[in-house]
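K.L.:
For the record, the sequence lines run as chains Y and A.
The first sequence maps to residues 1 to 374 in this note's numbering.
The second sequence maps to residues 375 to 876 in this note's numbering.
None of these hints come from the bench; they were simulated from the model.
All values derive from a computational prediction rather than experimental measurement.
Treat the hints loosely; a few may be bogus.
[What the hints assert, rightly or not] For lysine to aspartate or glutamate, the following EDC-like pairs were computed, each having C-alpha atoms within a straight-line distance of at most 16 Å:
(1) K558/A to E577/A
(2) K806/A to D346/Y
(3) K463/A to E732/A
(4) K402/A to D92/Y
(5) K402/A to E607/A
(6) K695/A to D752/A
(7) K695/A to E577/A
(8) K163/Y to E34/Y
(9) K402/A to E548/A
(10) K806/A to D319/Y
(11) K695/A to D608/A
(12) K806/A to D92/Y
(13) K402/A to D318/Y
(14) K806/A to E34/Y
(15) K446/A to E871/A
(16) K695/A to D772/A
(17) K558/A to D585/A
(18) K380/A to E409/A
[Said to hold, decoys possible] A partial selection of chain Y residues facing chain A, derived with a Cβ cut-off under 7 Å:
(19) L27
(20) F262
(21) T264
(22) A267
(23) A268
(24) Q307
(25) S310
(26) D318
(27) R340
(28) P343
(29) R347
(30) E351
(31) G365
[What the hints assert, rightly or not] Not everything, but these chain Y residues come out facing chain A in the computed CB check (under 8 Å):
(32) R218
(33) G220
(34) E306
(35) L344
Backbone N, C-alpha and C define an ideal beta-carbon position, used for all residues, glycine too.
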Amino acid sequence: MRRVLIVGAGIDAWMTAAALATATRGLAEVVVAETGPPPVGRIAALPSLQGLHARLGISEPTLAQATEARPRLAARYGDAIEPFGETGVGIDGVAFHHYWLAAGRAGPLTDWSLAALAAARGRFAPPSPDPRSPLSTLSYGLSLDAAGYAALLKRVALAAGAKVVEGRPDADLKVDASGGERLLVAHEPWTDWSAWLPTGVALAEDGLISTFAPAPARTGRIIAAMTGDTIAVGTAYGAIGAGDGGDLHLLQGDVSRLIALFPTGPAAVAEYNRLAQSALERARDMAILRWGDLSNPPEPLARKIEQFQSRGRVVTYDDEAWPESAWIHAMLARGIIPQRWDPLADRVSAERTREMLSRMKAMLGQTAEAMPRA
Amino acid sequence: MDPIRKIVIVGGGTAGWISASGLAAVLKGLPITIELIESAEIGTVGVGEATVPHIRYFNARLGLDEADFMRKTQATIKLGIQFCDWGRKGEAYIHPFGAYGHAIDGLPFHQHWLAARARGEAGPIETYSLPIMAGLAGKFAPPSSDPRSLGSTFNYAYQFDASLYAQYLRAYSEARGVVRTEGKITSVQQRPDDGFVTSVTLEDGRVVEGDLFIDCSGFRGLLIEGALQAGYEDWTPWLPCDRAVAAPCASVEAPTPYTRATADRFGWRWRIPLQHRVGNGHVYCSSYVSDDEVARALVENLDGELQQDPRFLRFVTGRRKKQWFKNVVAVGLSSGFLEPLESTSIHLIQVAVTTLLELFPHRGFDPADEDEYNRVMDLEFERIRDFLVLHYHANQRDDSPFWIERREGPIPDSLAYKMALFRERGAVVGYKDGFFLEPSWLAVYFGQNILPHGHDPLVAASDPARTTKIMADLAAAVTRTVDAMPTHEAFLRAMAEMRTPA
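The shape of chain Y in the complex, shown without the other chains (with noise of 0.2 Å):
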């Protein structure tokens, strides 16, 4: 492990830069040739962001100073809300949605989740880690200036050692991070998934519930994220036109997965391009569920629709990204209503889970009510 060559520009590229150097501490020589000039608007992160700004020591003021960092509760996707966070609560071992199932869907699902209720009513606090407050069932991602965002990663990575250059020097690891232009690996050869996702999202409109209007993606990804010593991180590597946070969770697991399986050989090489490809499949899944062209979507995804079709069950694989109840709430905006529910639901009479549904959306709309305005 001697110079890692980062290429690309913006997010990406340091990300890549500040997450290396800082795992290496010193161990590589972590340089980065800036390809372009920073982004510009807003985009939008999911929760999973704060455990990578936890590792490179980026605090939450300093994230917000930078950033102008924004909680945000929950996405809208055309007219369906989907709200961060869990939704309604269990009982004995059944999932909530199956008992909103059996009290014949008295009301959206989201009148469940304290997120929605919260962000409709513009109020934000942050979860609670007692998890007897309804506040433990909240989670938020944020919205954050793009070029702000660049640059703290940036300055970052040149405190932990990374260092600018000019050129292309050589290295023993060469990392393509610059995105859709694929600077470095442009000739390898390319999976095309514009049938599923003729187009992207991306973010139109900031608050509580961040909208996400259709944006122009090319969407696919090359065949290997890592071939020689070259490797493709992000964008570069793959596009589902993910601006509503999938993209820079990609990136990011891409970025933890390069440090966990750092090449030393062909087996480590085999299993980071085994789970690259994997992770990024299964958030391809979901952005077809959200915005892409169901009419014969990969197979995975099929099982996903008809299992959750047929009985309310989500089934996740390795390497998930979303949460169940995500997946829960895209299948409702995408029209895909179970048939059935969990017959295990009706252990609880009909009565008492109408009642219980009452009572339950009564308190966390109290909860939400209490909550600050933001």
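Following the hints, complete the assembly by docking chain A onto the known chain Y.
P.N.:
Okay, now just chain A, sitting in the frame of chain Y:
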């Protein structure tokens, strides 16, 4: 939706009564009747006497009182399995229910251990494992619930009399309304149009109808194979052992809090110490050795006096192609067979029952339920299979053609890439579903001399002196904690004296 009203469990034994108890406990409150048919004439296999920690969660779901359960099943504690003579003859290691050390600077403990070992500054890997050191010292105390405490870094299971467990769960099930019918099934009736099972007929002419049938009839798979011909996937090219002989003997010493699996020339022998006796058996490959020779080897290696004549059984390692087919769910030996090398028989039964409850059907039997159940169970079986194959493949023995062929024979691709990654840099492939996490893979790799050529390059960023000190402190803390634990025997005595709440 038309709900299930009647479940018929075909066969008692361990699988039958675990199924009955799990279904009765969870389906309580629904208008479903459960009937179990068993025949005293048909013996049960009942050799699965060692378990894995998941049994504790299953028992908890039933609401069993641990002290009462342990008394009634003659249970002892199991902290892991000791494997003797697997890598080379004369070697031994324990596969523990717990982790080796803790992450240092964000990297797995064993990566630092590999680097420290290369510097000559590491002790044997087991000195950093609390369950291994406690097991070897014959000590036990329940795990701590404080996640910061060393005492929370392990889990445990039981070694017990499986037929007593079946009896215990029978009493539990009958108290919760499960109807037991004594009788031998002579025929199975199916719907002419789609082959769904409608009823079974007993020798005395009684007809038992049902909506959902649980096939716990053992190897023969009376419904799943006999009636439905679901088919069987044969895994003997990877796991060629096809017979076992079992015999209990008297105890001559305090029970060890671990099971032992000793590799022999044509298979391996198990030793499972219970409170009142020791269970023994020998799994072998009949094309290499005669039944008599194996039985002789088993009897020669007993701790104490033989208590029953050796019993033989035959099996074909593999898996039913559809463990759930139409309205029949195969649970236990009817669903497939994996030798008890990692004590997974009862585990697979309990996963089957839990998964069936997660996907509990209605009378229309949507094929989606069957599909999803089979996907989950296939993965469960395959991942255990690969882990078992690793034990056979990773050997350096030259004393019998059996072991040389296991080492040189084919292994599944799904195992080969995991081993290649471990050999290259000591990384363990993880997965979300299925059994056996990183510490289990490490135990077998290290214990059977699969040592990586390298380690995680980022280890070099940690200060070696500091790492060495952290490791030494941990080993000392393990020793101190083990010293402070009561003996396994004292723990069992205390459990035996504990009063069970009425």
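K.L.:
Check the structure against each numbered hint from earlier and tell me which ones fail, lowest number first.
P.N.:
Numbers 2, 3, 5, 7, 12, 13, 14, 16, 17, 30, 31, 32 and 33 - these are the hints that the structure violates, sorted from lowest upward.
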